[in-house]
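Protein chains: 2
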Amino acid sequence: MHSTQQNQQIVLAAHPKGTPTPDTFKIKAIDMPELGANEVLLKSIYVSVDPGMRGFMDKGDDDAAGNKYELNKPITSRTVAQVVASNSADFAVGDIVHGRFAWQKFQSVSPDGLEKVDPSLAPISTAVSMLGVPGLSAYFGMLKVANIKAGDTVVVSGAAGSVGSIAAQIAKIHGCRVVGIAGSAKKITYLESDLGLDKGINYKTTDDMTAAIADACPDGVDVFFDNVGGELFDAVFANINPHARITICGQIADYNNDTVTQGPRPMHTLIKKSARMEGFVVFNYADEFDAAKKQLAKWYNEDKLKYKETLTEGFANIPEAFIGLFSGENIGKQMVKVADLDS
Amino acid sequence: MHSTQQNQQIVLAAHPKGTPTPDTFKIKAIDMPELGANEVLLKSIYVSVDPGMRGFMDKGDDDAAGNKYELNKPITSRTVAQVVASNSADFAVGDIVHGRFAWQKFQSVSPDGLEKVDPSLAPISTAVSMLGVPGLSAYFGMLKVANIKAGDTVVVSGAAGSVGSIAAQIAKIHGCRVVGIAGSAKKITYLESDLGLDKGINYKTTDDMTAAIADACPDGVDVFFDNVGGELFDAVFANINPHARITICGQIADYNNDTVTQGPRPMHTLIKKSARMEGFVVFNYADEFDAAKKQLAKWYNEDKLKYKETLTEGFANIPEAFIGLFSGENIGKQMVKVADLDS
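Chains A and B, in that order, are what the protein sequence lines are.
Note that my numbering has the first sequence beginning at 1, numbered continuously upward.
Note that my numbering has the second sequence beginning at 1, numbered continuously upward.
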C-alpha cells in the first residue's frame, strides 16, 4: 500500500525577487495523507509548470482562479494524477484525473474540481497541455479573441511554447499566413519544418525586429497573438494593419519584473489603425471547454495539430523545470514526470 | 456679387513643434475662385476646429481620411458653408452644406463630398459637431466600440468637450452611472448641473486621481471612454473591472508630443481583467451615419441630449480658436463663425 511510501511536497520558501531561483522553493518530507470521507487519494503522475504562475508568486498576489501562493504552503499547478484509494462513488482506484493540485507526491482531495482524463483522446499528459489550459488558451485566444479569418497575416510570439505552438497551428488550420517568433535556431527549425509555419524569426539573432517583421509580413500584421510582451511587442505593433486584433495571452518578458514596466503608449496607434488589444483568461470560456477539447483532439488525431513536450523526470526537479521556463530553452510544453502509472 | 469681396485663406506656415502657436499659421489674401463646370462656390459660415487635427500637422503625416497638412497649403477642417453660386444641378444658391473644406472665406468645390444640411433637425452649426464627426464619434464609440449596457459604470475623460459631453450623455440615456473628468470648476458645474452626470472630477485640483476615480466609482469602472490619454488614462485604468471596455477616442494629452510618450505597459492588467482597449475612427461606421444623426437629433429635440458651443467670431481668429483647444478652456464644441448666412 501507498501509506508506507514516503510523501513529499514543495512549498514557496520565499517570494521571488525577479526570476525565481532554487531558494524560492523548499522540498519537505511530509506524512502520507489521511483519506477522509468522500475523498480520493491521488498519486501525481505529470505536473505542469507554466510561466504564468510566476505572475502570482509576489506577496499578496493571487491568480485569476483565486489560487494564492503563500509562504510555506505548497505550490499548486495543473497535474495529471492517478486515483490510488477512493472513498468517492464517482472515482475508482486506477482512474486518471486532472485538476489543480499541490506539488506533492500524494494528496487527498475532494472530488470537486477533479476531472477524469479520457486516455483514448491523446496521451494523458495532454490533459494539462494540448487539451488543458495551454491548448484552450490558444484555441479561444485565436478563435474568440483575435477572431482570425482565412487570409489574415498572424504573428505569434513565444511560438515554440506550449500556447504559442498550438495557437500558430490553429491559425494555419484556418488558412492564415503565420509568422512565429522564438529564441533559438532549434526552435525556428521546429516552427518551420515541424509545424509548417510560413516563417520563423529568431529574436535573439535579429538586430532589428521591427524590420524583420515587416519583411516577413509584406501585407502587414492583422493578428498578433502575444505571449511575450516587452520590446518584442513593440516591434510587432509597429507593423499592424488597420483593424488589427491583438490578443494579449501572456507576458513572459514581464512576469519577473517587480514593478510595471514602461513602454511606448499604444493609444495613438490604436486610434489610427482602429485596432484592438484584448486580454483574456481562458476560464471565461469554461462553458465551451468540452467542445474545444474534442476539436483539438480531432485535429491532433488527424495530424493537423502537432504537439511537443519537454519532459523533466523526478519530483525533486519540478522547481528546476519551472525556473528553466524563463531561460527560453524549452520547446513545446514543459512537463515533469513524477511517477509511473500503476497498471 | 461676391467676386468683388476680398477672399482669404489660412495656410500651414510651419510644422508645429509641440503646441501650435500663431506662427504655425499664416493668413493670406487670395483671389476669388473661378467657378468651374459643375462646381459650386461656397461661402464659409461655421468652421470647426478639433484637437485631433494636431496629430496630423507633423511633417509627412496625414489623417485617417487621407487629408494632409502641407506647408503653404490651406488647412482643411469640417465646415458649414452656403452655396453662393452654382454650376451643379444638385446644389442651388442658398443651400446650406457641410464637408471638409479649406480655411478660406470663399472656395469653389466639386459637389463630391458635399452634404446638404437639414436646418429643421437642429441649428446648422451642429452639422459639424453634435450631428457631425464629434457627435458620431461619441455615438459609435459608446454604442459600437464600448458596447455600453444599463448599469455599467462609465468614465469619460474630456467630458466637457465636443465628443466627451455627447458620449457622457449617451451613456446616461442608456442607464449607466457616468463620471466625467474635466479641467475647471466651471466645467464640473456644467457636467453635474447641466448634463446631469453622476459625478464630475476636476483633475486640475485633484492630487490623487486614482483614488478620486475609486471614490467616484465604488463598483469599479466597466467602460472608459478616453479622449485625453497620458496620466489620466493610468488613473482610470487602475480602477477597471473584469471585462472592462476601453474606447480610445482621442489623446489630447499626447497630440503635441514630438515622440511617442512612455507609460506603464497595460498588457498585464488587460490579461488579469480580461479587458479590451480599442481605437477607432468614425469613418469605419459611415454606412450608419444617417441613422445615427437622426437618433442624435431626436434625443436633442426631446431635450435628452444637450449641446453647447464655444463660439469664436471672425475668420482671422480661426488659428487662435484652434490653439485655445490645448489650454483646456473651451466647453463643448469650439466653433468659429466666419460669416452670416445670406437670407
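Any given hint could be a false lead.
[To be verified] Pairs of lysine to aspartate or glutamate, EDC-like flavour, derived with a Cα cap of 20 Å:
no.: 1; chain 1: A; residue 1: 304; chain 2: A; residue 2: 207
no.: 2; chain 1: B; residue 1: 273; chain 2: A; residue 2: 58
no.: 3; chain 1: B; residue 1: 272; chain 2: A; residue 2: 58
no.: 4; chain 1: A; residue 1: 172; chain 2: A; residue 2: 303
no.: 5; chain 1: B; residue 1: 306; chain 2: B; residue 2: 192
no.: 6; chain 1: B; residue 1: 149; chain 2: B; residue 2: 198
no.: 7; chain 1: A; residue 1: 273; chain 2: A; residue 2: 207
no.: 8; chain 1: A; residue 1: 273; chain 2: B; residue 2: 198
no.: 9; chain 1: A; residue 1: 294; chain 2: A; residue 2: 58
no.: 10; chain 1: B; residue 1: 204; chain 2: B; residue 2: 219
no.: 11; chain 1: B; residue 1: 273; chain 2: A; residue 2: 219
no.: 12; chain 1: A; residue 1: 273; chain 2: B; residue 2: 58
no.: 13; chain 1: B; residue 1: 116; chain 2: B; residue 2: 288
no.: 14; chain 1: B; residue 1: 298; chain 2: B; residue 2: 313
no.: 15; chain 1: A; residue 1: 186; chain 2: A; residue 2: 219
no.: 16; chain 1: A; residue 1: 308; chain 2: A; residue 2: 342
no.: 17; chain 1: A; residue 1: 272; chain 2: B; residue 2: 198
no.: 18; chain 1: A; residue 1: 306; chain 2: A; residue 2: 219
[To be verified] A few chain A residues that don't get close to chain B, going by computed Cβ distances all over 12 Å:
no.: 19; residue: 59
no.: 20; residue: 110
no.: 21; residue: 149
no.: 22; residue: 185
no.: 23; residue: 234
no.: 24; residue: 242
no.: 25; residue: 243
no.: 26; residue: 251
no.: 27; residue: 265
no.: 28; residue: 278
Note that these hints are calculated values from the structure, not bench results.
These figures come from a predicted structure and were not determined experimentally.
Ideal Cβ placement from N, Cα and C applies to all residues, glycine included.
Comparing the hints with the structure gives:
no. : hint          : result
1   : A:304 / A:207 : 33 Å, violated
2   : B:273 / A:58  : 18 Å, holds
3   : B:272 / A:58  : 15 Å, holds
4   : A:172 / A:303 : 13 Å, holds
5   : B:306 / B:192 : 13 Å, holds
6   : B:149 / B:198 : 16 Å, holds
7   : A:273 / A:207 : 26 Å, violated
8   : A:273 / B:198 : 33 Å, violated
9   : A:294 / A:58  : 36 Å, violated
10  : B:204 / B:219 : 24 Å, violated
11  : B:273 / A:219 : 32 Å, violated
12  : A:273 / B:58  : 18 Å, holds
13  : B:116 / B:288 : 17 Å, holds
14  : B:298 / B:313 : 29 Å, violated
15  : A:186 / A:219 : 27 Å, violated
16  : A:308 / A:342 : 24 Å, violated
17  : A:272 / B:198 : 31 Å, violated
18  : A:306 / A:219 : 27 Å, violated
19  : 59            : 16 Å, holds
20  : 110           : 27 Å, holds
21  : 149           : 17 Å, holds
22  : 185           : 28 Å, holds
23  : 234           : 9 Å, violated
24  : 242           : 9 Å, violated
25  : 243           : 8 Å, violated
26  : 251           : 5 Å, violated
27  : 265           : 4 Å, violated
28  : 278           : 4 Å, violated
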